[in-house]
Amino acid sequence: MFTTKVFIKKTRIGNFLKNVREHYIRDDIFCGVPSCDKCTPVESFLSSIHKNECSSYDFNHYLILDTNVILDQMDVLDEDVIGNVIILHTVLKEVKHRSLPIYKRLHSIIENPSRHFYVFTNDHHKDTYIKQNDGELVNDYNDRSIRKSCLWYMDHLPKEKFIFLSDDVNNRNIALEEGILACSIREYVSHLVNGAALEDKLSRKDYHIDSNTKDVFPPHLTNVELLNGIKEGALYQGTFRASRDNFLEGFVNVESLDDPVIVQGRTGLNRAVDGDFVVVNLFNKEDWISPSEIVLEDDGVAEENIDEVEKKERQLKKSAHKKKGEIKPTGRVVGIIRRKWRQYCGILQGGMDGVYQLFIPADKSIPKIRIETRQAEFLRTQKLIVTIDSWPRHSRYPHGHFVRALGKIGDQNTENEVVLLEHDVPHSQFSEEVLSCLPKLPWIITEEDEQKRVDLRHIDICSVDPPGCTDIDDALHCRPIGEGRLEVGVHIADVSHFIRPGTALDLEAASRATTVYLVNKRIDMVPDLLSSNLCSLRGGEERFAFSCVWEMDENANILNTRFHKSIIRSRSAMTYEEAQMTIDDKTKTDSIAESLRSLNKLAKILKKGRLEKGALVLASPEVKIQMDSETMEPLDVEVKKLFETNSMVEEFMLLANISVAQKILEDFPECAMLRRHPTPPTSNFDPLVKAGRHLGFDIKIESGKQLAKSLDDAVKPDNPYMNTMLRILATRCMLQAVYFASGSLQKDEYFHYGLAVPLYTHFTSPIRRYADIIVHRLLAVTCGSDCTYPDLLDKQKTGNLCQNLNYRNRMAQYAGRASVAFNTHLFFKGKLQDEDGYILYVRKNALQILIPKYGLECTLFLAHKGETSNIFEYNEEDQTQKAGDVVLHSFDPVKVRLSLNSDNIQHEKFVLQLVSPCISGFSVPPLSEIEKMEVVDDKKRKSANDGHKKKNKKRS
Amino acid sequence: MSRNRDLLSKIGLRLDGRRPDELRRIRCKLGVFTEPDGSAYLEQGLTKVLAAVYGPHQVRGGRSKAQHDTAIINCQFSMAVFSTTDRKKRPRGDRKSTELSMHLQQALEAVIKSELYPWSQIDVYVEVLHADGGIYTACVNAATLALIDAGIPLKEYVCACTASLANNDVPMIDISHQEEIIGGPTLTVAALPMSGKIVLMEMSQRFHMDHLEKVLNKALQGCKDIRQILDEAVRLHVRDIGSSTGWANTS
Ligand SMILES: [Zn+2]
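Those sequence lines, one after another, are chains F and P. Using the numbering used here, the letters of the first sequence map in sequence onto residues 2 to 957. Using the numbering used here, the letters of the second sequence map in sequence onto residues 848 to 1098.
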């Protein structure tokens, strides 16, 4: 059992601390090659069937990779063609140290048996371990270790061939001298049989510099110069943000300066890409300028030609002006500390021949990227992903390589993929490792389970959810228990029973943080078996639940609260509509109907109490898109319908969350995961207060309670939608609610502004929110049904987790909205419709119009950008636009014609035209009148008619 | 969370190249000093400990402490100022040292047949020369050897071993300092390996109930392995002494 052969001390000196660690060398580490008869066979995915075929070598071979190949060429390694790869532990450690994301990708390839990768622990093997020489650099030492292992493999298995891939010329040459077969990845891939598609994916870092090309950009300073400059205060470091409207302008947010530094032009930006951490050199004060108001788009083509950009630069310079009071610090980028390059979605720019193509990212703040591809014809029809590899001085555009195609442009699935990628939503299939954590089917409730849990199967419990919901995480019951008291139970799916802390499943769920809902797709936080089956509280099935049970009097006062794990059997999984009908149907007197009625009654009392305390009723136009289940095309867009039962379920969920928050904070004052909604700064309310004042209402914002009251009072009988509009505006003044660890903040900061409660958390949706799983675990400890684990009690770790949850939730929300927007666009494609809308804001040259029917908010331009209208007169004081005798105020109802402008396929947008009130010379006649006039020659109208017909057909 | 996973690599090796159930290398020597009645030096990985035993002798410093039916076991633990990476200010007398002294005493009281020495006292001094995780276990193991060297009757060996959980799943023994820092909770067990009795058990943090048993079993297995190593060392020591006096030739 004791296999130490040699004993070596490793010394690491840093910070003047001498660290000595043990390093054991073993004789029980094996090569992993299946044909070997010297080693004890070990689990290895290396395969004798898989063949690496490369025309440079006329034999099958195994590959050994250098670290640089993995770091730079991961997109190539992701392809199935390359297999039988030996990853040395030295390399693996180096990759992990240099880039965690790359390490994770490599790790998942290693885990995949069909890729035939094997990790050889060379640094603990008695024959491949070598000692670091005195004064030897770590890099040189690692290179030497890698070569040593190559030689060992060749010696160990003389019948097999091994090829060492490295992009480090030096290392490769030494390897060749030592008799190792070595070549660069570019050379290898270009001779690879079946590897044609791989060439596009090669990273362009080693791009050779053509000696007769002129440099387009000034050089960057060296790292030492940068650091010295920063230290001396001559240079500033900060994050670079590119302008979306002007490709020759950007800003650098420097912490020590109040204003961001403007950088302009080719030399000013000097190859900085949005998000990069850069160093700027400030100009003298007299050269400072104000931000440009000019819109410049990059019309460049792939040739390394800079005439066009020089022209634009002159244009920019001409427009440069020094508005007093708007002059901001100005400078130029002199160096880049850290690139924030990622993968970008976008399309190819058309009209170019040859292998060099220009890629246009969907994100307007990212420059075009030059890529090399042999399949441009095909890629032009696709949305693709491209990543940047380098940006040499002589190149107008950064060089990158094609990563993969997402699918046809405009295709539903492609767009979903784009939305997910752009919002950083993890959406790959669950890995084998994750799936192996799932319980085996058939899943049965054992006697042990029954002993540990309270059996509630005899109680009539039911769930109420939106139609088509398969991840049911809450169910309710209510029954009289005598003396005028009621027992109310909220039963939440016991997800934490299935997801144990620290397992691969747990880590994956924690990383995903939330289930993401797109219009026609759901990206689960946990695998389907849990989300739609074992955890889902389906009707008629026995399920584990975490119950929160209250005893209440008839006035909804809580007499006592208890929490316990339970076994339930939901009698019925109802929709909101069904539940509403059950309540309203007086002939139904079964226990479910009775229980729903009592719940509804209690909920009303609870809601009233909550509102009296100052909880806000906010509004946001939430829409639902009806999809054709066959073609997956949106049929109709409608505002979500709400029933009384929606509010009923919500009340009890809020109550459960509050009760749980109190309980876990009591037992875990330091590490309870809570949710707070910060009070917004008063300046946030300015637009709301202003809008209220113009309508003659005084919106008080001193406290949530006052705000709630003034919103309730702001009612105009002639414009019933106005109140909703005010609430929409109020919603936009709010800050985001966030998760936090209780120990990280003061008690008075726990407050939830929107709900007007001092404590809140999330307990009720563990299937689709990771925060709830943590809360379940905490609560399980307080009621003695589970134990803690170290990370659960660690304030710091909980805090880090909260940060990820907050980030993912925000992204999930944006992704959901982007998906709705795309489908709304799809629905309106080729249609022309007149719709009712309301003016949300009045601006100098435009009206912001809200169309409640579709939850759309669009801009109606009154004049072209930068011009002033000769029809409208803008009154800044009253926030009105006047044309003749028509005055347009905020919140006025209008009728607008809606159409979609698809000129730019990456950025489609709605175009509005005013229909009523009629303003001659500006508004357009209603569509219905045009139809009467029977003007036929208008092509657009025809398509609009088609749209109407389709709609009528569906309604009939 | 992810750091916890790193304790054991995919192919089942720990950071220093051991497998989960392997002890660090233990090297030990009995009778390293001549002045004390018994002494021992023990290395467990890079943790190095010296132990010295004086007694049994008359109770010092106030007869009132003396017991009529048993010997007093007096343990004193100290750490050399150079034993850790940052220089220690006080070699003994701080809270940690006092606690370790008491724990050591508890373990030793369980094995020494102290009823044979009423009205007397046995002093055990241990000094950590270098600390690299598992200080307490090395002290117990060294003290056992020193007691044997001093010829004090013991019921059996008392051995100590640490264990922890790698990747939240795999129990591993004899935790090094590096593993202590980045890992989860550490369980320290001092046991009488032959009879399987546990004389001391301590956790740095709470363990999940599901895991405790297997971690504890691993730690006990570690104690047994350590006993075997100590036993060999004792036999070797006795043979060496014996051969110098000519005993070994008779057997
Ligand atoms: Zn072999």
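Just so you know, not all the hints are guaranteed correct.
Claimed, not checked - Listed next, the stretches of chain P that the computed footprint assigns to chain F, with coverage defined by at least 3 CB atoms under 8 Å from CB atoms of chain F: (1) 913 to 920; (2) 1005 to 1011; (3) 1024 to 1032.
Said to hold, decoys possible - With a cut-off of at most 16 Å between alpha-carbon atoms, the simulated EDC-like pairs for lysine to aspartate or glutamate come out as follows: (4) 857(P) <-> 112(F); (5) 105(F) <-> 1087(P); (6) 94(F) <-> 863(P).
Source of the hints: derived by calculation from the structure; they are not laboratory data. Virtual Cβ for every residue (Gly too), placed ideally from N, Cα, C.
Taking the hints in turn, this is what the structure says about them:
no. : hint               : verdict
1   : 913 to 920         : violated (count 0)
2   : 1005 to 1011       : violated (count 0)
3   : 1024 to 1032       : holds (count 3)
4   : 857(P) <-> 112(F)  : holds, 9 Å
5   : 105(F) <-> 1087(P) : violated, 56 Å
6   : 94(F) <-> 863(P)   : holds, 13 Å
Hint compliance for this structure: hints 1, 2, 5 are not met, and every other hint is.
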